[in-house]
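Protein chains in written order, with my numbering: chain R, 18 to 340; chain C, 18 to 340.
Note that these hints are calculated values from the structure, not bench results.
Take the hints with a grain of salt, since some may be wrong.
Since the list gives no way to pick out one identical chain from another, each pair is judged satisfied if it fits inside one copy or across any two copies.
Cross-link-like lysine-lysine pairs, in silico, DSSO-like; alpha carbons within 30 Å at most [said to hold, decoys possible]:
| # | residue 1 | residue 2 |
| --- | --- | --- |
| 1 | K111 | K249 |
| 2 | K312 | K195 |
| 3 | K76 | K220 |
| 4 | K339 | K229 |
| 5 | K46 | K260 |
| 6 | K221 | K46 |
| 7 | K193 | K249 |
| 8 | K220 | K150 |
| 9 | K111 | K300 |
| 10 | K74 | K312 |
| 11 | K19 | K55 |
| 12 | K235 | K195 |
| 13 | K216 | K55 |
| 14 | K170 | K147 |
| 15 | K69 | K248 |
| 16 | K224 | K150 |
| 17 | K81 | K55 |
| 18 | K74 | K192 |
| 19 | K111 | K303 |
| 20 | K216 | K170 |
Being a predicted model, the structure only gives us computed values, none of them experimental.
The primary structure of each chain is shown beneath.
There are 2 protein chains.
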Amino acid sequence: MKEYILGIDLGGTNIEGGLVDRKGNVRFKTTKPTDSRKRAKTVLNNILSVAKTVIEKAKANKCKVLAIGMGTPGAVDHATGTIVSGAENIMGWKGVPIVPVLRREFGLPSFVSNDVTLYALGEAMFGAGKGAKEIICLTVGTGIGGGIITGGKIYRGAKDGAGEIGHTTVKLDGKKCKCGSFGCLERYASATAIANMGKQSCKKNGKGLILKLAGGSKDKITAKTVFDAAKKGDLAAKDIVEKTGRYLGAGIANFINLLNPEMVIIGGGVAEAGNILLRVISKSVKTYGLRISTKDVRIVLGRLKTNAGVIGAAALAWQEIKR
Amino acid sequence: MKEYILGIDLGGTNIEGGLVDRKGNVRFKTTKPTDSRKRAKTVLNNILSVAKTVIEKAKANKCKVLAIGMGTPGAVDHATGTIVSGAENIMGWKGVPIVPVLRREFGLPSFVSNDVTLYALGEAMFGAGKGAKEIICLTVGTGIGGGIITGGKIYRGAKDGAGEIGHTTVKLDGKKCKCGSFGCLERYASATAIANMGKQSCKKNGKGLILKLAGGSKDKITAKTVFDAAKKGDLAAKDIVEKTGRYLGAGIANFINLLNPEMVIIGGGVAEAGNILLRVISKSVKTYGLRISTKDVRIVLGRLKTNAGVIGAAALAWQEIKR
């Protein structure tokens, strides 16, 4: 009987579950809306329902499920398996004893961790980081998150709060961030920031390729629109990509100077811009980073795509049950 | 027979050695000039001479030396025990196979690591960090260095280059640093930067307490002069302390956001300013750091003073021989 982990990824919009084998392949993927605006109880029931569906498929197909791994927004108290810092986009999620619930419900060893950290672990075990032991990882999307892998394992810090590169300050007197700080990387280089720069550029430059690619509607400009315009040679768009890459590079250089990793993996929606962004980031890292740490570091794009959440969640359980 | 480690600290000016017991107490401390402007061979001979002197004293007093621990500027390749990244202030120090030399010469297990990292370990084992496992440490002096302790042990990164908080960028468009980057923390908050601000303040404000405390000579203004003037209520000096603390706090907040430590220990000459600086730093950390990581973190001054180098070096060996 082939052995699997049940990987679950709790997102603000959807919950995904699936069986993940030792090599990171996914089977029987199941998706259900999170209902994140309803009570935490509803969200929890939706998670259990996804888990049940996948486990039933596993039974029907004679697959053995060894354990459950789950990724969640926020932070987890690993002593009790309880969510200690809620997720912005899931109401009332703080305080949910998620590990005990999963364990009781399915009688399986269960492990839950922050989703960005698990993305990092998934890339380390099954994606772009295979073979490396010292990795830092960024997810650049609506926000900017980060995860740290050291000795091949998750670095959590004292209270599961490590990796918050999106809220590191790169400009001390910079823009106010919703976190209360100033000049956070996220304010300059997230998908949101890039889209905003695209919109402003239209205001200033009038009609251009960015606006055209957004179907003429300024409100439809996204980070993707900006990158697409840049790839087609639009100067205003290229300028935004330069700025974004410069900021990301400075933030990554700080991370590198502090942790001296072998490898930096960049994932999330913005990473889909690909080489056009990666080139600027790498240049900026060389400018802002120390040579001892930048000369050998590999900066690459993440490899895990649509199943990244489920794979990362399973990676945790694969690692934990081996101990 | 009581057991000791021989701790050696290689500095730009002096080499210090001494016996360190299990509790971090130092005996038979011996000091010799480094001769850092002569050949690496000379520096090495001076190190061996300090070691021999201490070991002879140990024998004469029936103390058993179990191993040697040594701190060095630069980075060490821990596979070969060789200095891989030289020290700015010691000529030709790169490439020296320091661990094999010590081992051959004295027939004792020998361990060498970067001095700032060892300061962190010393504080963790014998100083302000006793009992904590997740610690970040800064030394604020002529430059700003850093060390990371996780699970009670040194975090080195891929190539022994971790902890370089002095060269993290807090002001993307800021002053050029000698490292080639821009807006490095060290440019704004090191003893050198503080003394420069003191000098500039005299230029602008004419005669004031800072100048008076420097005996009327602008060139004699140091970081200490500025802090002394601030403690006596001088407004220009207090302004410099505010600025310095704000920058240090922002840099530390970045470090905290990435690593979520239990504790931050601040050492080095500038830390001697004491509470007047610590208060500003703590305020700034709250401004720039995320609540999840700042709410429980303890920010304290280092406790190891004159013997910090020797104690940190010995701490490494005490930890290594226990394995």
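Hints and how they fare:
Proximity of K111 to K249 under the C-alpha cut-off of 30 Å is found in neither arrangement, the shortest distances being 45 Å within a copy and 48 Å between copies. Within a single copy, K312 and K195 get their C-alpha atoms only as close as 35 Å, which misses the 30 Å cut-off; across copies the closest is 17 Å, which meets it. For the identical chains of this complex, K76 and K220 are neighbours neither inside a copy (58 Å) nor across copies (80 Å), given an alpha-carbon limit of 30 Å. Neither within a single protomer nor between protomers do K339 and K229 lie at most 30 Å apart by alpha-carbon distance, with minima of 53 Å and 67 Å respectively.
In this assembly of identical chains, the alpha carbons of K46 and K260 never lie at most 30 Å apart, being 38 Å within a copy and 54 Å across copies at closest. Taking identical chains as interchangeable, the C-alpha atoms of K221 and K46 are never at most 30 Å apart, the minima being 46 Å within one chain and 69 Å between chains. In the homo-oligomer, the alpha carbons of K193 and K249 never lie at most 30 Å apart, since the shortest distance is 33 Å inside one protomer and 34 Å across protomers. In this assembly of identical chains, the alpha carbons of K220 and K150 never lie at most 30 Å apart, being 46 Å within a copy and 52 Å across copies at closest.
Taking the closest pair of Cα atoms, K111 and K300 come within 30 Å of each other only across two copies (27 Å); inside a single copy the shortest separation is 40 Å, beyond that limit. Taking the closest pair of Cα atoms, K74 and K312 never come within 30 Å of each other, the shortest separation being 48 Å inside a single copy and 45 Å across copies. In this homomeric assembly, K19 and K55 never come within 30 Å of each other (Cα to Cα): the closest approach is 37 Å inside a single copy and 66 Å across copies. Only within a single protomer do K235 and K195 lie at most 30 Å apart by alpha-carbon distance; the minimum there is 24 Å, versus 44 Å between protomers.
Neither within a single protomer nor between protomers do K216 and K55 lie at most 30 Å apart by alpha-carbon distance, with minima of 33 Å and 61 Å respectively. For the identical chains of this complex, K170 and K147 are neighbours both inside a copy (12 Å) and across copies (25 Å), given an alpha-carbon limit of 30 Å. For the homomeric pair K69 and K248, neither the shortest alpha-carbon distance inside one copy (44 Å) nor that between copies (66 Å) is at most 30 Å. In this homomeric assembly, K224 and K150 never come within 30 Å of each other (Cα to Cα): the closest approach is 48 Å inside a single copy and 57 Å across copies.
Taking the shortest alpha-carbon separations for K81 and K55, neither the intra-copy value of 33 Å nor the inter-copy value of 68 Å comes in at or below 30 Å. When the C-alpha separation of K74 and K192 is checked against a cutoff of 30 Å, the pair qualifies neither within a copy, at 50 Å, nor between copies, at 60 Å. In this homomeric assembly, K111 and K303 come within 30 Å of each other (Cα to Cα) only across copies, at 22 Å, whereas the closest approach inside a single copy is 40 Å. For the identical chains of this complex, K216 and K170 are neighbours neither inside a copy (41 Å) nor across copies (48 Å), given an alpha-carbon limit of 30 Å.
Consistency with the previously given hints fails for numbers 1, 3, 4, 5, 6, 7, 8, 10, 11, 13, 15, 16, 17, 18, 20, ordered from lowest to highest.
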